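Position chain D relative to chain S; hints supplied.
Number of protein chains: 2
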Amino acid sequence: MEITYHNTRIDYDEERKLGTILTLANGKIGVRGELELIPIDSCTLISGVYSDVPIFHRDIVCLPRTVGVYIIVDGTPLNLVDGGFELKRTLDIRTGVVKTKLTWSKGKSLIYESTRLVHKVRKNIIAVNSRIRPQGFQGEITLILPLEFASSNPLPPGNISIKHYRICKVKGCDDTIVTDIETLDDKYGITIALKSVTNTQCKRQIIRFPHSIGEALSFKVMGDNVYEVTKFISIVSSRDDPYYHEKALRELQSAIQLGWDNLYREHAEWWRNTWNKLNLHVDGDEGVERALCFNAFHLLQLGDEDSEYCMIPARGLHGVGYRGHIFWDADIYTLPFYTLVNPVIARKMLTYRYRLLKAARKMAKERGYRGAMYPWEAADVDYDVTPDKVPLDIKWEKWIKIWTGEEEQHITADIAYAVDFYYQYTLDDEFMEKYGLEIIFETARFWACRVEYDKDRGKYVIRRVTGPDEYHVHVDNNFYTNIMARWNLLLGVKYYNLALERNEWKKIVSKLGVSKREVETWCTIASKIYIPCSSDGLYEQFEGYSNLEDYTINSLECLGQECLPEIVRNRLEKTKIIKQADVVMAFHLLGDLFRKEDMLRNFNYYLPRTTHESSLSLSIYASVAARLGLTSLAYKLFRKAVNIDLQDIYGNTRDGIHVASAGGAWCSFLFGFLGLKVHNDNLTLDPKIPKHWRKVSINVVFRGELKNIKVE
Amino acid sequence: MEITYHNTRIDYDEERKLGTILTLANGKIGVRGELELIPIDSCTLISGVYSDVPIFHRDIVCLPRTVGVYIIVDGTPLNLVDGGFELKRTLDIRTGVVKTKLTWSKGKSLIYESTRLVHKVRKNIIAVNSRIRPQGFQGEITLILPLEFASSNPLPPGNISIKHYRICKVKGCDDTIVTDIETLDDKYGITIALKSVTNTQCKRQIIRFPHSIGEALSFKVMGDNVYEVTKFISIVSSRDDPYYHEKALRELQSAIQLGWDNLYREHAEWWRNTWNKLNLHVDGDEGVERALCFNAFHLLQLGDEDSEYCMIPARGLHGVGYRGHIFWDADIYTLPFYTLVNPVIARKMLTYRYRLLKAARKMAKERGYRGAMYPWEAADVDYDVTPDKVPLDIKWEKWIKIWTGEEEQHITADIAYAVDFYYQYTLDDEFMEKYGLEIIFETARFWACRVEYDKDRGKYVIRRVTGPDEYHVHVDNNFYTNIMARWNLLLGVKYYNLALERNEWKKIVSKLGVSKREVETWCTIASKIYIPCSSDGLYEQFEGYSNLEDYTINSLECLGQECLPEIVRNRLEKTKIIKQADVVMAFHLLGDLFRKEDMLRNFNYYLPRTTHESSLSLSIYASVAARLGLTSLAYKLFRKAVNIDLQDIYGNTRDGIHVASAGGAWCSFLFGFLGLKVHNDNLTLDPKIPKHWRKVSINVVFRGELKNIKVE
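From first to last, the protein sequence lines stand for chains S and D. Under our numbering, the first sequence has 468 at position 468, and the numbering climbs by one with no breaks. Under our numbering, the second sequence has 37 at position 37, and the numbering climbs by one with no breaks.
In isolation and in its complexed conformation, chain S is listed as follows (with noise of 0.2 Å):
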């Protein structure tokens, strides 16, 4: 499975999208994938290194470039900008590499191809295998490869940048380059070490500059051999060994001992047999099934089994985007994809959750409730990293307000959902021992407050929130949110029940103080938890929605606001224009508790209302509309939400993969139109797939097992 770019000048838009698509990271380590050959903002990520920042509280920190190689020919650089060169790259999802291949034909020709991986198995290794076959000349080639420092990270609107680490020390002897860096808070220390090893003969010397040190390898060349060298870097931080300088000289040394072959083999290995265990095909539907595995590629990418906790950004380790914050999109989005391929990802997102337990006790208590009220946005940092306001010109004079983070709180019932969602496919005990429990204890505790009674009504309403759908804030009663906690207490109640049976579960009830009265409680809530309708039997997305204005557009053809007029985009919160689903949204999570006929007609009412303007919506449509039978609407919007980033729909892939769609696209999939659930302790099957989806085949794991899915 290859996707392929062709090239023949160097256009930066179309430079940085690629930058995204080719990102190549295994879960500890993101490099972006903007050509090699040329200079050009692009920097590495590792997960959970972030530093301070205004505003953001927490930015991902855009770390040194590992990976360009220039070519000099006779003492003048390649010139890549204007043209004369065929450039064809390919991210080979199979072996888990980028293959670059430039052919120079400008003065002298040349043939450069290079492989590139971010090893999958030895976690802290880069590696850029480099050939270059001179078109029979003769002559002086040299390669310069550099570590370079320019690296940082964007404040906006557009124009500030701010550098987050200090180069404490660099120092180049015997051809390995080491540079231990430090973020600027000083909660991080990392060390990159580099070393290139060619078995030509060639002149080597280091070359250091203010901001890069590199190696430069000259080799007289003639006729058409080829001159191989591979560049080696090793990353390692101090959140993942508090010797990491020495691991960094080690990782380095055994890497360049094994020899780019082997590392190479191993690192493909781990790919095929992940493809292979997957097993995957969308017989009928070749580009179905690409955008799938395309997806599932930077989906997996994003995992690293061996750390102690996983974060999945909103835009991965692939961008800088929303600053590499985690939302909802993680636990909601893309921990069912994760359940159900490679379910230890999946226990380690929960596993960072649960870390972040001591900040939701946090914020509740600060905030007057009990339990856990979870942060909108989290970092690497036990408190809620939420912008409060964004400046929107040059001079940060006008704000914009942010009240996500004070309003949108189903953030705390998503995460509980999740909860209880990877219990049901894996039956972990020990997880639900260790972490779950508890997580779904405090967060009922948390709704349990947060709920107040009003006596007209005799129902229990939740004021002032903000749904999904962000156009509308400071909502009372959103469909979704109070939908969602009365699922979060009654999982409460659930796993309450199933304590009661088990000793090691007991202790948590216990250490927590959960006590059959407050259960009670929670029971009585939920049953009495006011959930929106209007008169004609739709459900309300919020109190008062149904007395907006109206205004319908052709939800399939727009995306984004841009469809609006600017008339109706000027009052968008006086309208019943929505953002992205929201009543269907909770169709999505729990369609078992609403009558079809009741399904049908509130997707049939809320699709016309909705902009997509977040990349969170078309999955979730794509997803109810295939259980409501749908299927050629289900197909359409489906095929949007698979492609967001392939085809850069929302046009900002740039910042990072889309993993809410990434994973949102494998849902619609999945639960969507295989219609997959787990049903008295079984994995079941509901299939409404298109007609010319001539057979579906897919290997998921349930409660420990690998099992073959199949649609005939």
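Misleading hints may appear alongside valid ones.
As the list claims (entries may be wrong) - Stretches of chain D that chain S covers, calculated by requiring three or more beta carbons in the stretch to come under 8 Å of a beta carbon on chain S:
id, stretch
1, 38-49
2, 133-144
3, 147-160
4, 196-208
5, 392-400
Said to hold, decoys possible - Capping the alpha-carbon separation at 30 Å, the derived lysine-lysine pairs in DSS-like fashion look like this:
id, chain 1, residue 1, chain 2, residue 2
6, S, Lys365, S, Lys434
7, D, Lys506, D, Lys187
8, D, Lys506, D, Lys494
9, D, Lys459, D, Lys365
10, D, Lys434, D, Lys455
11, S, Lys187, D, Lys516
12, D, Lys389, D, Lys434
13, S, Lys203, D, Lys108
14, D, Lys677, S, Lys171
15, S, Lys203, D, Lys220
16, S, Lys398, D, Lys362
17, D, Lys203, D, Lys187
18, D, Lys99, D, Lys247
19, S, Lys362, D, Lys398
20, D, Lys108, S, Lys169
21, S, Lys459, S, Lys434
22, S, Lys398, D, Lys163
23, D, Lys99, S, Lys362
24, D, Lys365, D, Lys574
25, S, Lys187, D, Lys395
26, S, Lys88, D, Lys169
27, S, Lys203, D, Lys88
28, S, Lys395, D, Lys106
29, S, Lys459, S, Lys516
30, D, Lys187, D, Lys362
31, D, Lys106, S, Lys171
32, D, Lys187, D, Lys459
33, D, Lys710, S, Lys395
34, D, Lys691, S, Lys398
35, S, Lys220, S, Lys99
36, S, Lys187, D, Lys398
37, S, Lys389, D, Lys395
38, S, Lys395, D, Lys358
39, S, Lys691, S, Lys707
40, D, Lys389, S, Lys163
Quick caveat, the hints were computed from the structure, so don't treat them as lab data. Given the structure is predicted, the values throughout are model-derived calculations rather than measurements. The beta carbon of each residue, even a glycine, is placed where N, CA and C say it ideally should be.
Just chain D now, with coordinates in the frame of chain S:
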């Protein structure tokens, strides 16, 4: 007169300091002096070209670096960081150029020599003439001659940078590189054109990278031949010419036609003529003569004789310290030098202040005053650009409130003082008619409103200001401010009376509606302004100063707060410790108003209480000490003041030249040591010079005539 630096390694801190010291400028363009042979943060500034920035309102824009020259020998770039070379750099003040000589002896040996200029006559032209002599080897040498687009401005606390320009178009054809850029606020367009010329056969290519475009010239070298290349650059902004693009091409073409030799000759001649005209000699003290010349050189570099008006930023066109803003440094510290040495610049500086009258009137009005209240910090816009607060930490959570913009109101009187000073030495009637009178009347008007009548005292008081000493804010009746306000009012009276005798001036009086009655009020207020004195006959820096905790230091040894114990540093505002000359500043400007014995007593009192944390202090104490006959003490203070940048005494020369101290040292010399003064329409002398100054000679311009001053 040459300032020479030798290096055998590149040290970046040293390089940034040299970047300032070796800056070349012509009043329109400033080019920082970092070594051209290495890629390093360095930039080009254009006088008056600012853009919007958070916190600081306007930033002088760091424009692309133009002067880089990178050497590749046999395919490998010269590695200038790890030694193996000798580097000699010379600022040749006589001819206004920087000369660089690199003797490279690692591997293949070569000598690189260059001369760099920023043309003082053709104000849009920069040129670097480079000559390479390989030391008896055969091979290939490539020179890369780029335009580099990485430059950006820093934001505190230091790791944030803001790029103020966008690149609209980069074109390289016919061996000419033309780049159009715009500031992000859309206010200015700039064209930079570049072409390299050599008369030796070479291979020539244009090389483009994302952040640079340049020419690559490759020479097959042998033996000891000399390979010469001149990089010609033209820069024109829309501030300069609406057809700046065309002008840039035209200017480049005409410089190339003239050729390096003639271009250099024309430039060097301007400087030789300037020095001949100045004719400075301090026989017996080469160090002082040299330092005065160094300061004069940088001040003269800042004057643009061809511009409509001149802005002299606090750190020159030498760096982005104080973000290119204009303070009283210009009017009080440098204007006297320009008035006596190059009065056309002094006039244009005041023309700039005239242009700000609109802003000053608006500021006064907003605060409920009449007349004009000048902004403490000014730039290219008609509003105050003083920051309101400045962040102290990386997250921008801790801020320090900046009071100067609201309180340091003496700037208004300082500008009126400068107008009168200029007129005294030039009798430039036309200037007064067009600009000067209006400034004087409008500022007098401001003070007449600004004062409050204190019935108990029967005096006019000025409450809540900050004087030059910024350790004490919100003070009432600051001695310096009150003295200067009084002077400003008296200037109003004086010029009103003069105006009555001249028809042209009378028109201004009537245009502004200045009435006899109003002027009588000025007179009354001036005679009754409260001047704070303590009981022991000392002038009190402000009301209540004498009640503060006393503490004294050895102010000759100390510079800044470091000489203070921590306990004092933490409660500076409660002590008598001051930052810089304040009472003594008034003696410097208006010495004739005070009795010598009073000045002496006060001088002796304030000196041991001054930290000289501001570079604006030493030169003023030196000047007043000289006037008071404390010649030896004066000389000690002066030696420090005159060397502030040459010896990097404040450790921040990297941010740009200390314009106020350069001008202040000249004030000490001219008015302190030589005792120049206008007396009865004559320029009089009252020398109090150190004994070892055997002979002092200088030419100054007085009322249109060049006068030779000689003290033997």
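Hint check:
Evaluation of the coverage hint for the stretch 38-49 of chain D: fulfilled, as 4 residues show C-beta separations to chain S shorter than 8 Å, against a requirement of three. Counting residues of the stretch 133-144 of chain D whose beta-carbon sits less than 8 Å from any beta-carbon of chain S gives 4, enough to reach three: the coverage restraint holds. For the stretch 147-160 of chain D, the stated coverage by chain S holds: 5 residues have a C-beta nearer than 8 Å to a C-beta of that chain, and at least 3 were required. A stretch counts as covered by a chain when three or more of its residues have a beta carbon under 8 Å from one of that chain; for the stretch 196-208 of chain D and chain S the count is 5, and the coverage holds.
Taking a C-beta to C-beta cut-off of 8 Å, the stretch 392-400 of chain D contributes 4 residues in contact with chain S, enough for the three needed, and the coverage statement holds. Between S/Lys365 and S/Lys434 the CA atoms are separated by roughly 23 Å; this keeps the pair inside 30 Å, and the hint holds. About 38 Å separates the Cα atoms of D/Lys506 and D/Lys187, which puts this hinted pair outside 30 Å; it is violated. Pair hint D/Lys506 plus D/Lys494 holds up; C-alpha atoms about 13 Å apart against a cutoff of 30 Å.
Simply put, D/Lys459 and D/Lys365 have alpha-carbon atoms about 24 Å apart, close enough for the 30 Å limit, and the pair holds. Proposed proximity of D/Lys434 and D/Lys455 is contradicted: the alpha carbons are some 39 Å apart, above 30 Å. Proximity of S/Lys187 to D/Lys516 is assessed by CA-CA distance (about 70 Å); at most 30 Å being required, the pair is judged violated. A distance of roughly 37 Å separates the Cα atoms of D/Lys389 and D/Lys434; the hinted pair therefore is violated under the 30 Å criterion.
For the hint pairing S/Lys203 with D/Lys108, the CA-to-CA distance comes to about 13 Å; that is within 30 Å, so the pair holds. Distance check on the hinted pair: D/Lys677 and S/Lys171 sit about 60 Å apart at the alpha-carbon level, beyond 30 Å; violated. For the hint pairing S/Lys203 with D/Lys220, the CA-to-CA distance comes to about 19 Å; that is within 30 Å, so the pair holds. In summary, the hint linking S/Lys398 to D/Lys362 is supported, as the alpha carbons are separated by about 23 Å, within the 30 Å threshold.
Restraint check for D/Lys203 and D/Lys187: the C-alpha separation of about 40 Å exceeds 30 Å, so the hint is violated. Between D/Lys99 and D/Lys247 the CA atoms are separated by roughly 28 Å; this keeps the pair inside 30 Å, and the hint holds. In summary, the hint linking S/Lys362 to D/Lys398 is supported, as the alpha carbons are separated by about 23 Å, within the 30 Å threshold. About 29 Å separates the Cα atoms of D/Lys108 and S/Lys169, which keeps this hinted pair within 30 Å; it holds.
Using a Cα cut-off of 30 Å, the hinted pair S/Lys459 and S/Lys434 is violated, with the two alpha carbons roughly 35 Å apart. Note on S/Lys398 and D/Lys163: the hinted pairing holds, with a Cα-Cα distance of about 19 Å set against a maximum of 30 Å. As the CA atoms of D/Lys99 and S/Lys362 are separated by approximately 63 Å, the hinted pair breaks the 30 Å bound. Proximity of D/Lys365 to D/Lys574 is assessed by CA-CA distance (about 34 Å); at most 30 Å being required, the pair is judged violated.
This hinted pair checks out: S/Lys187 and D/Lys395 have alpha carbons roughly 14 Å apart, not beyond 30 Å. A hinted pair counts as satisfied when its Cα atoms are at most 30 Å apart, and S/Lys88 with D/Lys169 qualifies at roughly 27 Å. With a C-alpha separation of about 29 Å, the suggested pair S/Lys203 and D/Lys88 falls inside the 30 Å cut-off, and the hint holds. Proximity of S/Lys395 to D/Lys106 is assessed by CA-CA distance (about 49 Å); at most 30 Å being required, the pair is judged violated.
Of the supplied pair hints, the one linking S/Lys459 and S/Lys516 holds, its CA atoms being roughly 22 Å apart against a limit of 30 Å. Taking the CA atoms of D/Lys187 and D/Lys362, the gap is about 22 Å. The hint holds against a cut of 30 Å. For the hint linking D/Lys106 to S/Lys171, the alpha-carbon distance of about 19 Å falls within 30 Å, and the restraint holds. As the CA atoms of D/Lys187 and D/Lys459 are separated by approximately 48 Å, the hinted pair breaks the 30 Å bound.
For the hint pairing D/Lys710 with S/Lys395, the CA-to-CA distance comes to about 53 Å; that exceeds 30 Å, so the pair is violated. With a CA separation close to 62 Å, the supplied pair D/Lys691 and S/Lys398 exceeds the 30 Å bound. Distance check on the hinted pair: S/Lys220 and S/Lys99 sit about 25 Å apart at the alpha-carbon level, within 30 Å; holds. Of the pairs offered as hints, the one joining S/Lys187 and D/Lys398 holds, with about 19 Å between alpha carbons and a cut-off of 30 Å not exceeded.
As the CA atoms of S/Lys389 and D/Lys395 are separated by approximately 14 Å, the hinted pair is consistent with the 30 Å bound. For the proposed pair S/Lys395 and D/Lys358, the alpha carbon gap of about 22 Å is at most 30 Å, so the pair holds. At most 30 Å may separate the alpha-carbon atoms for a hinted pair to count; S/Lys691 and S/Lys707 meet this at roughly 24 Å. Of the supplied pair hints, the one linking D/Lys389 and S/Lys163 holds, its CA atoms being roughly 22 Å apart against a limit of 30 Å.
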